[in-house]
Amino acid sequence: MGKGKALNRMKLTGDIEIMEDKNSVFLRDIGAIVCSDLHIGYEQALHEMGVTLPASQYPLIKKEIEETIEIYDPDTIIINGDLKHEFGEATRQEWREVLDLLSLFSSRKIGVKVVRGNHDNYLIPILKKTGVEFHDPSLSIGKYLFFHGHRKVKVENVEGRTEIMIIGHEHPAIAIRDELGITNKYKCLLEANYKQLRLIVLPAMSPIMPGSEVNFLEKNQLLSPILREDELELSRATIVEGGLYSFPFEELRTTSRPNNMDSFSPL
Amino acid sequence: MISFAEKKYTKEEVFKRLNPLVKEWFNSTFENLTPSQSYGLIPIFEEKNVLISSPTGTGKTLTGFLSIISKLLTLSEKGELENRVYCIYISPLRALSNDIYRNLETPLRGIVEIAERKGVKLQEIRHAVRTGDTSQYERQKMLRKTPHILITTPESLSIIINAKRFREKLKNVKWVIVDEIHSLCENKRGTHLALTLERLQNWCNKKFVRIGLSATIHPLKEIAEFLVGYENGKPRDCLIIDVNYIKQKEIRVFTPVKDLVFEDPEKTTEKMYEKIMELVKRHRTTLIFTNTRSGTERVVFHLKKMLKDQIEEITEEEVAAHHGSLSRYVRFDTEKKLKEGRLRAIVSSTSLELGIDIGYIDLVIQIGSPKSVTRCLQRIGRSGHALHEKTKGIMICMDLDDLVEVAVMVKEAYANHLDKTMIPEKPLDVLAQHILGMAINKKWTVEEALKLIRQSYPYRNLAMEELVQVLKYLSGGHTDFEDRKVYGKIWFDEEEGVFGRRGKFARVIYSLNIGVIPDEVMIKVYDENGKYVGNIEEEFLQRLIKGDRFILGGKVYEFMSARGARAKVKPAFSSKPTVPSWFSEQLPLSFDLALKIGEFREKMFSFIKEKKEKAEIIRYIMENCRTDENSAESIHRYFETQYLFLKSLKVNCLPTHRNILIEEFTDEKGRKNMVFHTLYGRRVNEALSRACAYLVGEKIRRNIGLTVTDNGFSLIIPGKNAPNPLEQLTPKNIREILGKAIRKTELMKRKFRHCAVRSLMILRNYKGHEIRVSRQQINANTLLRISEEIPGFPVLKETYREIMEDDMDVKNAVRVLEKIRKGEIKIARIETPVPSPFAHNIVLVGLSDVVLMEDRKEALKRLYGEIIKKIGVKTMYKPTEQG
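Listed in order, the protein sequences are those of chains A and Z.
The opening position of the first sequence corresponds to residue 65 in the working numbering, with each subsequent residue numbered one higher.
The opening position of the second sequence corresponds to residue 131 in the working numbering, with each subsequent residue numbered one higher.
Calculated from the structure, these hints are not laboratory results.
Honestly, I wouldn't trust all of these hints.
To be verified - Dumping the calculated DSS-like pairs for lysine-lysine here, alpha-carbon to alpha-carbon at most 27 Å:
id, chain 1, residue 1, chain 2, residue 2
1, A, K249, Z, K799
2, Z, K615, A, K126
3, Z, K438, Z, K466
Using the sequences and the hints given, assemble the complete structure.
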């Protein structure tokens, strides 16, 4: 997308907004941007596994966040888990990049709240040093409850005021098969109903982490425990890459699967 | 200078020079010198580089060793044998090394016995095998008691030259023998070896003698250059000993039924097995070649079943399979039985093509086309092992295109027209591996490294710039300066022009990740009854979802489930595939042979046009192509139907190598199918088809499906109208267009991963654990996207080169386009109600690939539109455009 081109925006339920090519949501009522799964330092983790990637994903992440801030002018940014990738101790590159990102927020007077994800073990010292709020396992603001999604969080006990839960962790993507048998994958945001509550699953911010093709997976193959629950019903998927496209979830499960596609052989 | 041997030495002349003990042993074992021995022994004794090309069973291995043994013997008599390696013998197969070990041991033991009898005191001449399987203990032992003759594989040798202590033992190597060089030079294993040899030469105090042993191959001059390498821009000296035409051959083409099209396929198969069984019974041991492993399994299964059902003089145990997927134990057991003459029939795909000593074979049966004259002769050449016996082969055909191909192949085999072997040119991924190896050993200046690398034939034209790109890549030059310590595998100072070792893991990375065989995890595929169907690659499996249908071993299967390295499918023979099968077990038809088939087509069509008597045409085919009557009848009928079909449409352009016919028809789904009869072999067609698909796709902005075969290709085009892409394709623009097209194919993603592994961008083995996770951790698409950001990235460059030049044949595609420009090849475009007979195989084969010309966005919009239509707009949220 070129400069100055208007980006499509869309309202989800209530005060939640999303925007084309951006992997975060904006909660207008509380003036907060929410994003998740940045996985800073993923290249180094890959390198440890023997995969040497030539470029860094951090400049891309930073650019996206800057653009998002520019448009929404938020008071707060909530990082809903997996800010950093590493399983082991934080490396130099990660320190550099995490500190750079935090200083971006502080220079613009944006408050930062970090919710703990499954990759964030070694993050605490960095955050402590910079005085950033760290919430474990969840954060509740008004009608919203934020948690990363790798573990189940008790919902009922947040003073009965929670209406909308927001998670990450899943890295949801939609796979679409065309008539020639080619699969394209698009990052998406998921919406679901859970008892009386709404649930939103954010797309991953990391541009290189693979996504899980949620429309090709059975419910019990999904990563986040809450998505596997019986009472949970996925209602809608919105592709955020290259435009905004909302699909009723069930429709995606059937239309893009091979059994329902025509074969391509000419005879 | 490369020259051909002319002087044939008599036995007396030879043994006047060789050590008398060798003479005595030889006379006690053999009567006469074989031709390769009478041409080769003396030049090798005189320490000349020699390439010997001859069919198997003509004594070339012994030729390679005998003069060397003689010299070592002389040293040993004088007690002058030192504790170091004198001779390195390299073989592409581990199993073969074991075999040679036995073959080398026999003469050595024989000579020692003679010496003992005569009371001659000898130092022991030691020999040992060193491969990846050699234990730490044995390696240690080799340091203390070093083998004088070291038997190894190309991969192990590349590790040995980096082994701190053992490489000292190689300082004065005198001879290097490269066996089965024909199977090495045409792929990256050979490229890898060529560089290893130059690195070894660089390490050695003196020039060593190179001896190459090859089966029938063409052109020998180039193979010789590949063996000996270059010095100061010119090939080193080499003497070629070509003793290929000494064996008489008898080849026949056979078709089981009169009419391959209308006969019930089951009956055709039944008749084929009857014929095979009859042949097996008439011979002592029959070797049967199929073109695929699954084919091998099927043939063995059927033969055994036949033997079970009836009382025959042959038992089930006397029939066996031999291919790479079998466990080592089973394979060795089969080889042993074969050598002992306990088998009546042995079925193989490619594994028995190589020189494993297989004992007595008196007949070779080839099912389907082996795709090149050279391979046909190599396979048939496995029969009649003893020198004076005829080689005898029966080619069985089950498909019309195969039949025409084989008929022409046999005709050309009798004329000794071999296909040209292609040697890959300067692959940058292989180079990256060796640069790491070189950097570990010492500090280099870039000039000195370039000089060494250019001494190997594949890299003789390497540019300084290309080398520098690889050095930059390996040193992490694409990352920030401070991160290079982390990401760099070597250290490189571009300004000073020097490079060397970096990091404590370099040596481990080198020894665990060297080699060129792609990191392909094969998944075995079984049907619901647990019957083995074939193999697919793990990457292909990953994109399958339940219900997908794909082609495996020529048949359609529906994917059910997968567990570990096993996949379950069910037959869906009557349905059509839903996903393109981008893996192919099939060998490609060679360009040279395709042209010969074109000439044959011209001849047939002109016979029919001139209304030549049918009987006469049949006689022509039977005599020239050595076919039976069924085959000749089928060929004649095939050409006649094609001719009449086109005549009924008033078309004069008959598809040959000089006429490209384009047939167009609309399929039942309203898509346009364009069938191109381009008779140039599959590798050229791979190139033409993708470039054409790209050009059409560019016009109509939709994805184009394509099918490629040996005799042509087809495009499946959504929509009614399409331009003729061949008109826009020129010798000048094809490389550029093909590059763009390849970028948009599935093939590219897969090949890029292979090259990334070979270039050490993705390590197979790192810090002690094998890496399988890397596959799941990052997808090929992302890797590609990131790599494209770096200008001149060698991994990417090599991927394009490999696809265009090794998998495809862009050079000959350019030649074809030049001929089109000059009017030497004509093009005609016709509409047909149904595909013509010659088009059937092209249309039936199922998609080979897709060139993705549609924007991801467009594909999404289309699906969105479809769903909205289906469920009504009201339930959907509508995006709003805001500022």
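Tested hints:
1. A:K249 - Z:K799: Cα-Cα ~26 Å, so holds.
2. Z:K615 - A:K126: OK: Z:K615 and A:K126 at ~25 Å, within 27 Å.
3. Z:K438 - Z:K466: holds, 24 Å
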